[in-house]
Amino acid sequence: METLLHDLRYGVRMLRKSPSFTAIAVLTLALGIGSTVAIFSVVDQVLLHSLPYPDADRIMYVSQTERGGNELHYASSPANYLDWVAQNHVFSVMAASRGWQGNLGGDRPERVRLSMTTASLFPLFAVHPMLGRGLESEDEEPSNDHVAVLSYGLWNRRFGADPGLINQSITLNNETYTVVGVMPSNFLPDGYGELWVPSPWGVPSHPLVPSQDPRQFRDRNYLDVWGRLKPGVTQHQAEQEMSAIARRLEKQYPDSNDGIGVGMMSLQDSVVSDIRPVLYVLLAAVAFVLLIGCTNVANLLLARSSGRTREISIRIALGAGRRRIVSQLLTESVLLAVAGGLLGIVIAAWAVPTLVALGPSEIRDYGNIGVNLEALAFAVVVSILTGVLFGLAPALHASEGKVSDSLKEGERGSTAQRGRTRTALVVAEVALSLILLIGAGLTVRSFVRVLRVDPGFDASHLLVFGVGLPPSASADEQDRFYRQVAEKLETLPGVQSAGAVSRLPLSGGNSGRSFKLPGSAKDYSADIRVETPRYLQTMGVSLLKGRYLDEHDIAGATPVIVVNEAFTKSVFPGEDPIGKYITDFGPGMDKLQIVGVVGNVRHVALEAAPRAEVYLPFGQAHWTSAFVAVRTKTSDPLALVPAVQNAVWSVDKTVPLAGVRTMQDLIARSLVQRKFTMTLLAIFAALAVVLAAIGLYGAMSYSVSQRTREIGIRMALGAQKKDVLKMVVGQGMGLAAIGVAVGIAGSLGMMRLISGLLFGVSATDPVTFILLAMVLAGVAFAANYIPARRATAVDPMVALRYE
Amino acid sequence: MIQLRNVERSYKTGAGATYVLRRINLDIQAGDFVTVMGPSGAGKSTMLSILGMLDDGWAGEYHFLDHAVHKLDRKKRADLNRQYIGFVFQSYHLLDNLTVYENLDVPLSYRNVSRGQRASMVAEVLDRFQIVGKKDLYPSQLSGGQQQLVGVARAVVGNPKLILADEPTGNLHSSQAKEIMELFKKLNDQGTTIVQVTHSEANAAYGNRTIQLFDGWIANDPKNEPVPNTTASIG
Ligand SMILES: Nc1ncnc2c1ncn2[C@@H]1O[C@H](COP(=O)(O)OP(=O)(O)OP(=O)(O)O)[C@@H](O)[C@H]1O
Ligand SMILES: [Mg+2]
Numbered sequence: 003m004e005t006l007l008h009d010l011r012y013g014v015r016m017l018r019k020s021p022s023f024t025a026i027a028v029l030t031l032a033l034g035i036g037s038t039v040a041i042f043s044v045v046d047q048v049l050l051h052s053l054p055y056p057d058a059d060r061i062m063y064v065s066q067t068e069r070g071g072n073e074l075h076y077a078s079s080p081a082n083y084l085d086w087v088a089q090n091h092v093f094s095v096m097a098a099s100r101g102w103q104g105n106l107g108g109d110r111p112e113r114v115r116l117s118m119t120t121a122s123l124f125p126l127f128a129v130h131p132m133l134g135r136g137l138e139s140e141d142e143e144p145s146n147d148h149v150a151v152l153s154y155g156l157w158n159r160r161f162g163a164d165p166g167l168i169n170q171s172i173t174l175n176n177e178t179y180t181v182v183g184v185m186p187s188n189f190l191p192d193g194y195g196e197l198w199v200p201s202p203w204g205v206p207s208h209p210l211v212p213s214q215d216p217r218q219f220r221d222r223n224y225l226d227v228w229g230r231l232k233p234g235v236t237q238h239q240a241e242q243e244m245s246a247i248a249r250r251l252e253k254q255y256p257d258s259n260d261g262i263g264v265g266m267m268s269l270q271d272s273v274v275s276d277i278r279p280v281l282y283v284l285l286a287a288v289a290f291v292l293l294i295g296c297t298n299v300a301n302l303l304l305a306r307s308s309g310r311t312r313e314i315s316i317r318i319a320l321g322a323g324r325r326r327i328v329s330q331l332l333t334e335s336v337l338l339a340v341a342g343g344l345l346g347i348v349i350a351a352w353a354v355p356t357l358v359a360l361g362p363s364e365i366r367d368y369g370n371i372g373v374n375l376e377a378l379a380f381a382v383v384v385s386i387l388t389g390v391l392f393g394l395a396p397a398l399h400a401s402e403g404k405v406s407d408s409l410k411e412g413e414r415g416s417t418a419q420r421g422r423t424r425t426a427l428v429v430a431e432v433a434l435s436l437i438l439l440i441g442a443g444l445t446v447r448s449f450v451r452v453l454r455v456d457p458g459f460d461a462s463h464l465l466v467f468g469v470g471l472p473p474s475a476s477a478d479e480q481d482r483f484y485r486q487v488a489e490k491l492e493t494l495p496g497v498q499s500a501g502a503v504s505r506l507p508l509s510g511g512n513s514g515r516s517f518k519l520p521g522s523a524k525d526y527s528a529d530i531r532v533e534t535p536r537y538l539q540t541m542g543v544s545l546l547k548g549r550y551l552d553e554h555d556i557a558g559a560t561p562v563i564v565v566n567e568a569f570t571k572s573v574f575p576g577e578d579p580i581g582k583y584i585t586d587f588g589p590g591m592d593k594l595q596i597v598g599v600v601g602n603v604r605h606v607a608l609e610a611a612p613r614a615e616v617y618l619p620f621g622q623a624h625w626t627s628a629f630v631a632v633r634t635k636t637s638d639p640l641a642l643v644p645a646v647q648n649a650v651w652s653v654d655k656t657v658p659l660a661g662v663r664t665m666q667d668l669i670a671r672s673l674v675q676r677k678f679t680m681t682l683l684a685i686f687a688a689l690a691v692v693l694a695a696i697g698l699y700g701a702m703s704y705s706v707s708q709r710t711r712e713i714g715i716r717m718a719l720g721a722q723k724k725d726v727l728k729m730v731v732g733q734g735m736g737l738a739a740i741g742v743a744v745g746i747a748g749s750l751g752m753m754r755l756i757s758g759l760l761f762g763v764s765a766t767d768p769v770t771f772i773l774l775a776m777v778l779a780g781v782a783f784a785a786n787y788i789p790a791r792r793a794t795a796v797d798p799m800v801a802l803r804y805e
Numbered sequence: 008m009i010q011l012r013n014v015e016r017s018y019k020t021g022a023g024a025t026y027v028l029r030r031i032n033l034d035i036q037a038g039d040f041v042t043v044m045g046p047s048g049a050g051k052s053t054m055l056s057i058l059g060m061l062d063d064g065w066a067g068e069y070h071f072l073d074h075a076v077h078k079l080d081r082k083k084r085a086d087l088n089r090q091y092i093g094f095v096f097q098s099y100h101l102l103d104n105l106t107v108y109e110n111l112d113v114p115l116s117y118r119n120v121s122r123g124q125r126a127s128m129v130a131e132v133l134d135r136f137q138i139v140g141k142k143d144l145y146p147s148q149l150s151g152g153q154q155q156l157v158g159v160a161r162a163v164v165g166n167p168k169l170i171l172a173d174e175p176t177g178n179l180h181s182s183q184a185k186e187i188m189e190l191f192k193k194l195n196d197q198g199t200t201i202v203q204v205t206h207s208e209a210n211a212a213y214g215n216r217t218i219q220l221f222d223g224w225i226a227n228d229p230k231n232e233p234v235p236n237t238t239a240s241i242g
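Going line by line, the protein sequences match chains Z and H.
Each residue of the first sequence is one higher than the one before, starting from 3 at the first, in the numbering used here.
Each residue of the second sequence is one higher than the one before, starting from 8 at the first, in the numbering used here.
Okay, chain Z solo, but in the shape it has when bound (with noise of 0.2 Å):
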């Protein structure tokens, strides 16, 4: 005990005699523990930990398939729903639900993203009612289904957290519920409700037609469902029967379900999938800056007892005994090693929530993330290993029976082995910090090349926002919504144009049906959008040939559509589409003419391949909410909205609006998740670079130090100022080209990893790998350059003097 309070005591009048050397260690450690604990704790919550349920890992997403595809976010119909739930034997429970939006009356009108589920869901996810209840079977009779439950987050900004709230009456959709339960925070089932309502006969109804029975819908699929696996049950176990059940859908629906299967994953899959690849790329980039810290504090002490092996072999042949000098040094490095470490969790503590919300929303979603002690742990003892590892050296080394070796020949032979092994770190610094380069730099060349991705339409100049009748108003009355709504914005000043569409590029909603061509039995499939006369022309999407739909495209004229381009080169291809029919496109949808082919939009994302597009009128076709595009004659588009909301008001002044924001802004939103990978990456380059600067700096000064007499004999047989600074940088630069090498060599393996992750730029791009290198040699350059001016300052009296 007295002796670890002496070697405590020691060890820090050590480290605070060369504070240098102390702070890079130190802060190097605090860098790379930091950073690490940051993303894993982020990596831990959202990846490995379950999802805040009761037994999150039973949950179940299920799902319909198609043949052929493999594409597990399918939406489901009632009907199939319905026959799973009776049929299955595997999940205790199952649930059901769809989102939509709703208008929220009260002073301020609101739009909220409304979530109308089986009363099932509750008990399924497991989680208790924070006030009240959750929604029952009772609930789902017709005459009793006006009751909802409220999320955390409505509850505490709407209503001011009013615990009061519960049995009080809101407006919805211009009728009265009643609120019987508010959930607490993590409650996010769907990942999208604001509320929820109960289904009035036993399963959702379709959002375009919510007042008919669903039952029967076999071919509307809408629905996401959830089952949880019965104890003892594994997904393997379901798959097989759900499989037996849609076989048997399929020869009993032959017409709806020919070809339809069931699929699931579990929630927390269906969760992450997207942001999954994301995660692991910057957990791997973390662990890189990790090691590159490791790798510094390594050579620092290497160097460090380099200079102390003498000093050791004299104490050894002193008599000091082995686990003395072991003790001492081990004190030393457990020392740095914590100091960082402490350094390093005030980082993480800082960095975690940054993360969280630099985030795309699936990372936001989990809301309180913390530092998560594990990853500390882990990270502490790591640089701990680091410390004993290269700490000790010189202690093992010196007790290995070659004390006489080095006291006789001062500090050259194990010089030379410590050396090599400093080389060697150095190398693979390097080498790991050109393959964070260049991860980083792809990315970032990815995002440029996005953002040069024509969408289709022009952004600039553009208001957008949500808006919609409740859905108890009639198919006319909300047709004529849409197109008054759209006449009142074009006379504001300030308003170029304006059009209602019922799905916004890049807003995050699709629509797909199938349709067919009149004689031909074949199934055709394309994305469908409702919009009013003017709503291509106020996007800027062009016109390649026929016309735009306009006001005469009314309900009882002829029935007519605008296509896209990638519409037409699938559908007739080297045809002329003009003048051509599509049938079975919906109820009552059977002969419409094309009119106009218009330009591809990018409608999923700016990276996703444009896909099939049919437009049809308001008034021809029906939608129940809409997005309205404003175009502004103002370079400041959201200068308008106030004269915007009061034009949408003149129509009708119940209705809110929705996520009003400019084009620009959705595209911006849509890039969240890309800017985040990328901007992640660049910084753990930039610190990676950094280190290896620092290593390569700390080394090559280290090697100055110890050349001093070897300089300063040189420069007595006649070396000049330049010949002893390109020894040195050439010395330092050759170890750079070597970890340079090393690095492209890594990188064209590693950067296959991240392929999924880049966009428009080979994962092998030249120009990337070498403008990087190059970066990176000039680092490199500097790094050397400074201690290299330090040799050429050598006197070659005061360096031979002393030996």
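A hint or two may mislead.
[What the hints assert, rightly or not] Here are the simulated EDC-like cross-link-like pairs (lysine to aspartate or glutamate), alpha carbons at most 16 Å apart as the crow flies:
1) Z:K518 x Z:D592
2) Z:K547 x Z:E577
3) H:K142 x H:E131
4) Z:K723 x H:D80
5) Z:K724 x H:D86
6) H:K168 x H:E68
7) Z:K723 x H:D86
8) H:K82 x Z:E577
9) Z:K547 x Z:D578
10) Z:K518 x Z:D797
11) Z:K724 x Z:D797
12) H:K82 x Z:D797
13) H:K78 x H:E68
In case anyone wonders, no lab produced these hints; they're calculated from the structure.
With chain Z held as given, fit chain H with the ligands onto it using these hints.
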């Protein structure tokens, strides 16, 4: 070739300055073979370093050939060193990481000598010193005497006009010492100027003039009157 006028060298010590060389006046003609003798600590090595342009911390005037060294900066002095001077260090100062061959090549690598010419110059010196068999060994694999031999060889490899040798035979046995001295004699006969520091009367006998250095003063130089007392009274 060399004229020192009132050259002084001092080191700062705790209280003030300690003088290591005082009022050195010395003339050396091209072709001289000068021996510097004196007790340990007299300042012999210090004087040699000044002559060899390795040291800058002195005051006074130093003319080398037609250069006023006291007016030159470090770079110019280094140029003179490289161009004219070969130096044998008292403690050899071989480069540990280089072989004997590479050690001999180092001074040539800093002069404008072509690669092929360097190889033949090194080969010639290895031959002359009969250390061809040792050319691939490292200094640590040589005895002290052998190291010294390499140190001398390295000083002469570039055919310098002036050889400054600080106890070049301190670690050699007499027959080896004799060979070195014979070599110096031969080089001197061919026109090389030599200044050597030695404790050995036998070595001194090879030179044509011996200077006695005592506590930083030139106590005896056959070409000059001893000056300490007179200058002391002036100073
Ligand atoms: N850097 C220094 N700082 C202070 N004093 C020094 C320094 N270098 C040399 N001296 C002193 O200068 C004096 C002369 O040293 P020098 O090496 O010239 O002696 P020397 O005549 O060559 O002796 P030896 O025969 O032992 O080689 C010595 O007293 C020495 O202590
Ligand atoms: Mg001496």
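Here is what the structure says about each hint:
no. : hint            : result
1   : Z:K518 x Z:D592 : holds, 9 Å
2   : Z:K547 x Z:E577 : holds, 12 Å
3   : H:K142 x H:E131 : holds, 12 Å
4   : Z:K723 x H:D80  : holds, 13 Å
5   : Z:K724 x H:D86  : holds, 13 Å
6   : H:K168 x H:E68  : violated, 21 Å
7   : Z:K723 x H:D86  : holds, 11 Å
8   : H:K82 x Z:E577  : violated, 83 Å
9   : Z:K547 x Z:D578 : holds, 9 Å
10  : Z:K518 x Z:D797 : violated, 90 Å
11  : Z:K724 x Z:D797 : holds, 15 Å
12  : H:K82 x Z:D797  : holds, 12 Å
13  : H:K78 x H:E68   : holds, 9 Å
Consistency with the previously given hints fails for numbers 6, 8 and 10, ordered from lowest to highest.
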